[in-house]
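K.L.:
One letter stands for each residue in the lines below.
6 protein chains.
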Amino acid sequence: MRLQVVNPNTTASMTATIAAAARSVAAPGTEIVAVTSPHGPVSIESHYDEAMAVPGLLAALDPAADAHVIACFGDPGLDAAREVARGPVVGIAEAAMRTALYLGRGFSVVTTLARTAGRAEELAQRYGAAHACRRVRACEVPVLGLEDPAARAAILGECRAAVTEDGADVIVLGCAGMADLCAALTAELGVPVLDGVAAATRAAESLVALGVTTSRRSEYAPPPPKPGGFPGERRAQYTDSW
Amino acid sequence: MRLQVVNPNTTASMTATIAAAARSVAAPGTEIVAVTSPHGPVSIESHYDEAMAVPGLLAALDPAADAHVIACFGDPGLDAAREVARGPVVGIAEAAMRTALYLGRGFSVVTTLARTAGRAEELAQRYGAAHACRRVRACEVPVLGLEDPAARAAILGECRAAVTEDGADVIVLGCAGMADLCAALTAELGVPVLDGVAAATRAAESLVALGVTTSRRSEYAPPPPKPGGFPGERRAQYTDSW
Amino acid sequence: MRLQVVNPNTTASMTATIAAAARSVAAPGTEIVAVTSPHGPVSIESHYDEAMAVPGLLAALDPAADAHVIACFGDPGLDAAREVARGPVVGIAEAAMRTALYLGRGFSVVTTLARTAGRAEELAQRYGAAHACRRVRACEVPVLGLEDPAARAAILGECRAAVTEDGADVIVLGCAGMADLCAALTAELGVPVLDGVAAATRAAESLVALGVTTSRRSEYAPPPPKPGGFPGERRAQYTDSW
Amino acid sequence: MRLQVVNPNTTASMTATIAAAARSVAAPGTEIVAVTSPHGPVSIESHYDEAMAVPGLLAALDPAADAHVIACFGDPGLDAAREVARGPVVGIAEAAMRTALYLGRGFSVVTTLARTAGRAEELAQRYGAAHACRRVRACEVPVLGLEDPAARAAILGECRAAVTEDGADVIVLGCAGMADLCAALTAELGVPVLDGVAAATRAAESLVALGVTTSRRSEYAPPPPKPGGFPGERRAQYTDSW
Amino acid sequence: MRLQVVNPNTTASMTATIAAAARSVAAPGTEIVAVTSPHGPVSIESHYDEAMAVPGLLAALDPAADAHVIACFGDPGLDAAREVARGPVVGIAEAAMRTALYLGRGFSVVTTLARTAGRAEELAQRYGAAHACRRVRACEVPVLGLEDPAARAAILGECRAAVTEDGADVIVLGCAGMADLCAALTAELGVPVLDGVAAATRAAESLVALGVTTSRRSEYAPPPPKPGGFPGERRAQYTDSW
Amino acid sequence: MRLQVVNPNTTASMTATIAAAARSVAAPGTEIVAVTSPHGPVSIESHYDEAMAVPGLLAALDPAADAHVIACFGDPGLDAAREVARGPVVGIAEAAMRTALYLGRGFSVVTTLARTAGRAEELAQRYGAAHACRRVRACEVPVLGLEDPAARAAILGECRAAVTEDGADVIVLGCAGMADLCAALTAELGVPVLDGVAAATRAAESLVALGVTTSRRSEYAPPPPKPGGFPGERRAQYTDSW
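Residue numbers (our numbering), protein chains in the order written: chain A, 565 to 806; chain B, 565 to 806; chain C, 565 to 806; chain D, 565 to 806; chain E, 565 to 806; chain F, 565 to 806.
It is possible that part of the hints are untrue.
Since copy identity is lost for identical chains, a pair holds within one copy or between any two.
Restricting the straight-line Cα-Cα distance to at most 25 Å, the calculated cross-link-like pairs of lysine to any residue (SDA-like) are [stated by the list, open to error]:
# : residue 1 : residue 2
1 : Lys790    : Glu704
2 : Lys790    : Leu677
3 : Lys790    : Ala623
4 : Lys790    : Thr728
The set of hints was computed from the structure by calculation and includes no laboratory data.
Whenever a hint applies, use it, and build me the whole structure from the sequences.
P.N.:
Structure representation (structure tokens):
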């Protein structure tokens with residue numbers, strides 16, 4: 565099985581972190597192919613960033629892959645990707661939140677900037693996890709500053725507060741760039757800590773193993789062709805696989 | 565007051581219809597400036613179309629406008645536009661649905677293709693109108709076929725069914741391209757029929773009259789600047805107005 | 565357009581404040597006619613007050629008006645007024661809350677007495693704004709004490725707490741008697757502060773401009789006539805306009 | 565125990581039906597005192613009727629009673645009555661819906677006019693029964709026509725449809741004037757059929773037996789006194805019992 | 565009327581407390597028959613305890629009773645009991661929560677161990693009381709330690725905090741073993757305090773008085789017979805009464 | 565990895581079907597150990613059956629397993645199993661419903677007897693899937709009759725109706741005994757059809773791969789020990805692994 569993990573920002577070092585997280589949990593026989601978006605913002609920290617990242621992300625989808633993971637916690641472009649990709653597509657926020665629901669009554673999200681909390685709450689609502697989402701916490705570290713040791717202390721602090729103040733049974737890390745912190749935080753905190761990249765990797769694998777892909781019944785059927793095509797876009801490569 | 569109405573698809577004839585709808589309800593003293601998106605799909609009938617329309621739409625936002633209307637019923641790019649525009653931004657689905665709530669217990673949406681119904685339902689949920697949304701009905705006419713007389717009969721048929729079968733007190737037309745049908749349908753059906761372009765025009769005007777714009781507190785503050793800027797995008801023009 | 569703003573309590577000085585708020589935002593060509601309820605409580609601070617205010621409010625509705633605003637944050641008599649008025653009727657709580665949803669992710673209400681918070685929460689639920697209503701805060705100033713400078717300090721304090729503690733993007737003022745504080749509070753706080761009278765004035769105007777009124781399909785059709793009429797009530801004047 | 569059942573319309577024959585329903589289920593030792601509202605509409609079939617019925621209903625509350633039932637399915641004036649009455653107050657819609665929840669997964673309401681269905685749905689939402697309310701059905705018989713044998717056939721027909729089409733486990737009768745049909749319908753249909761008057765009588769009795777009344781903490785404390793009193797209203801009699 | 569109150573744990577002293585609570589509120593003519601579960605855990609403080617208590621509880625149901633109360637705040641086995649009992653069955657959590665809704669806007673639950681709070685929240689959701697449930701508070705006293713005077717102080721402390729911090733109008737005691745504290749706490753706190761055993765006793769009595777039992781339409785019809793019967797279980801006694 | 569799949573009824577032939585479904589999707593390296601419950605009902609078709617199945621199911625949990633699947637669509641005993649098992653525990657209804665959410669906007673459940681539909685709806689609510697669950701359909705085939713060819717036709721008919729009438733994008737099969745129908749139905753219908761046993765097998769595997777198990781923070785910590793132990797139960801074997 566060939567599983568494509570798309571980093572929808574253009575920062576290659578983050579793609580490497582994401583690829584490692586995916587590989588660390590993939591089942592035997594799964595090939596992880598991680599790609600960096602060909603164009604768009606260097607990090608995704610606003611609705612504007614998300615919107616500008618989507619065309620690059622969609623262009624990066626590889627029709628030869630059996631399934632796709634979108635490795636940004638805002639799950640940008642998820643519905644659009646489902647329409648145009650042949651295999652199933654999984655967002656890391658949806659996978660992390662749904663996985664958390666197997667492990668306890670409630671979870672908190674620990675994310676980067678407070679300005680992204682609204683999007684996380686909206687996703688929890690959309691994914692049917694709002695009742696279980698105790699709180700979305702921000703450590704106010706920008707995405708590209710996550711490597712900093714002080715950042716890690718800030719994240720740990722918010723995770724602790726999630727357990728003691730919010731009563732969270734489970735922590736969901738709210739950024740693909742935090743993927744490498746998961747095991748250490750689980751050990752430190754004594755509650756499950758979930759990274760969306762890992763969760764989504766397993767979820768996407770599972771869909772392929774179950775022999776299913778996105779339903780083509782109505783909403784997620786391939787988009788109707790346009791007179792004159794899509795200006796400036798390279799969607800042509802998908803035509804064959806529909 | 566200068567109110568910009570953005571048609572996020574690239575079909576200029578639809579922009580003309582939209583502009584007429586906006587002008588027909590604008591208050592005295594409001595200048596309607598309607599623009600066609602500079603690049604993107606010719607019509608928006610899928611999640612993919614929406615996603616590909618957003619960069620063009622964002623590029624079209626005019627910093628000199630006092631307020632903006634996004635004239636596509638999927639309300640594409642609404643959150644992103646709110647971050648980068650100086651004045652308030654109103655989507656036509658949110659305006660139509662919220663306006664409907666003043667007029668009766670329940671409404672039905674009559675839209676173009678059934679494949680877009682899921683997005684309309686999701687927006688009703690997001691906008692707090694799900695309890696009042698009786699049903700989303702599709703007449704299965706593509707956006708660019710709305711001019712056809714047969715299309716009008718199909719729309720009227722769905723509107724009638726909304727009243728008699730769904731018990732809808734109000735009809736919301738689910739496409740900016742239907743803006744010119746509103747008065748005739750209201751007369752025919754005997755219940756209020758709402759066009760989102762008109763509703764959003766008045767809502768945007770009202771926000772300016774109230775002296776308010778999008779809150780800049782956290783989520784909708786201008787996006788953090790990126791090292792190296794946004795590749796390939798012309799957001800620079802907004803920097804001054806932030 | 566003739567827009568009637570009804571103060572459902574019997575305190576004429578509050579009607580003057582309300583009229584000024586309505587006039588300050590009305591579009592050119594809109595005539596604001598503000599009336600004081602002919603009988604009922606001097607202020608509305610309880611469910612009992614609301615109930616006792618409704619007959620006077622309904623009696624005050626002027627069939628010659630094109631639209632009506634009910635200027636009390638509990639939106640008393642709104643459904644009944646919709647049945648008997650020819651033009652659309654807008655409550656100030658519904659207008660303020662729906663307007664807030666255009667401006668940010670969440671709002672808090674700052675009201676007079678804590679005992680009215682339950683009603684505000686119930687209205688937020690009814691209007692589809694419960695998901696966005698961060699909190700209802702009371703400054704514990706009675707309605708007729710709002711002119712007091714100490715009251716203004718208390719209101720400002722609660723507004724500040726709404727921003728810093730509740731994470732509110734927008735403030736909704738929960739009493740028609742606060743209408744004159746709006747601009748000063750917006751300037752002070754740096755987030756949009758909404759007065760329901762102003763918001764409802766623009767919403768009611770907009771409905772008239774859109775050419776719609778309350779749906780007459782079923783629930784809001786004129787009430788069935790009674791054998792012997794309504795004892796002791798002057799509803800007769802409406803008979804003609806139905 | 566003295567239990568006051570208030571008929572909020574002015575039709576004495578309906579009060580007799582209501583009294584009989586209450587007496588048929590009251591516990592030994594409970595005295596049922598049924599009163600007809602001193603002023604207001606002869607039947608309650610609209611929001612306007614409800615609003616105009618409330619002052620009479622509030623005036624009819626007897627401070628010597630241990631508890632009160634409001635015998636109209638719209639539960640008019642319930643919150644106001646709770647503020648001013650010494651003992652607990654129960655509405656027949658809330659009692660019927662909450663009782664239904666003990667007896668099955670879902671219920672349907674069978675009411676008089678379709679125009680009242682919106683209010684019933686709103687109450688189901690308010691009372692936490694919306695998830696269980698399968699449908700509100702109307703037999704289109706006016707309140708004062710319920711005695712007609714044809715009316716009874718229409719009601720039975722809707723009840724049958726509730727079971728077979730809606731999958732209702734339980735039927736809730738949506739009008740105090742249907743109170744005498746309960747036993748016959750239960751026998752005919754083979755599922756529990758609930759009359760709100762009977763359900764509310766037992767609920768009110770139970771609250772007295774439990775030694776509790778409406779919480780006086782904040783919202784339902786007695787209304788603040790007004791300068792000059794309540795014009796034209798006889799609330800004075802309650803002052804002592806607060 | 566013969567009302568069976570089942571203590572689903574095997575501690576007879578708790579059965580005595582429960583029986584006294586039921587008798588203190590029962591209507592004249594109601595015979596309270598309290599039974600201790602024949603097998604299962606000595607107290608119920610976990611999901612495991614609940615699950616292991618259910619077979620004993622079901623075996624204890626007496627077909628000669630007119631109604632049944634399940635006297636454990638987790639309402640264990642409620643759906644199963646409804647299928648196999650002839651008369652109505654009421655859980656103490658559902659009765660306490662629904663009763664609280666008649667008395668104020670919001671309630672808090674004060675329970676024994678924090679680990680049971682998740683179950684209480686889930687029940688509030690199921691019973692349509694989630695909107696009114698301000699918080700579930702734990703005093704961290706085990707069920708069998710409730711007799712301890714220090715336990716009573718801890719409970720009182722949590723009740724006070726529910727009023728002052730949560731804004732609860734009503735307190736619901738979250739354990740059948742607290743039944744004897746109700747009156748003293750109500751007097752101390754000045755807000756209604758509800759014990760589920762008392763509330764359920766009156767609710768079950770009321771259903772019998774109304775002449776109804778669990779709907780037998782589909783879900784709660786007697787379970788289909790099995791080839792070979794239920795191994796090791798004594799359900800045979802119920803066959804006749806179905 | 566050793567994954568235990570527990571059939572909570574006592575019918576060994578159904579265990580074989582379940583085991584085959586689990587093995588058909590398990591990742592390389594996963595050992596599937598399927599067990600039949602040692603005591604309880606031969607099939608689970610009622611709340612009573614579920615309740616009586618739980619002690620046997622709990623007794624069957626093998627502490628040597630890395631994870632557990634409960635293979636009955638009512639997810640009986642799930643919370644209790646999570647408290648006492650060392651590894652994660654997954655129910656087939658929760659896994660099937662959550663998996664469906666990755667594949668389309670809405671799903672319908674096709675189950676055996678209509679009497680079980682209420683439980684499926686309740687689970688959809690609990691799992692955050694109620695918004696997506698279009699309908700629960702029953703083919704009225706008892707669990708032990710699923711092998712019958714006529715049964716398969718009935719199931720196919722309901723699946724077709726789910727697509728055409730409910731607008732379901734995805735079908736969820738509502739019984740572990742239908743596990744072998746999945747691939748054929750997917751091929752026939754052209755939309756994804758999910759079997760819970762397969763979905764849960766992958767979900768449980770994934771949790772182990774992610775290195776997490778049920779949070780032990782509060783609710784799902786091992787149950788507090790009892791004075792005298794659990795009468796008649798063999799929980800002792802779990803003591804060591806806690």
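K.L.:
Provide an ascending list of the numbers of those earlier hints which the structure does not satisfy.
P.N.:
The structure breaks only hint 4.
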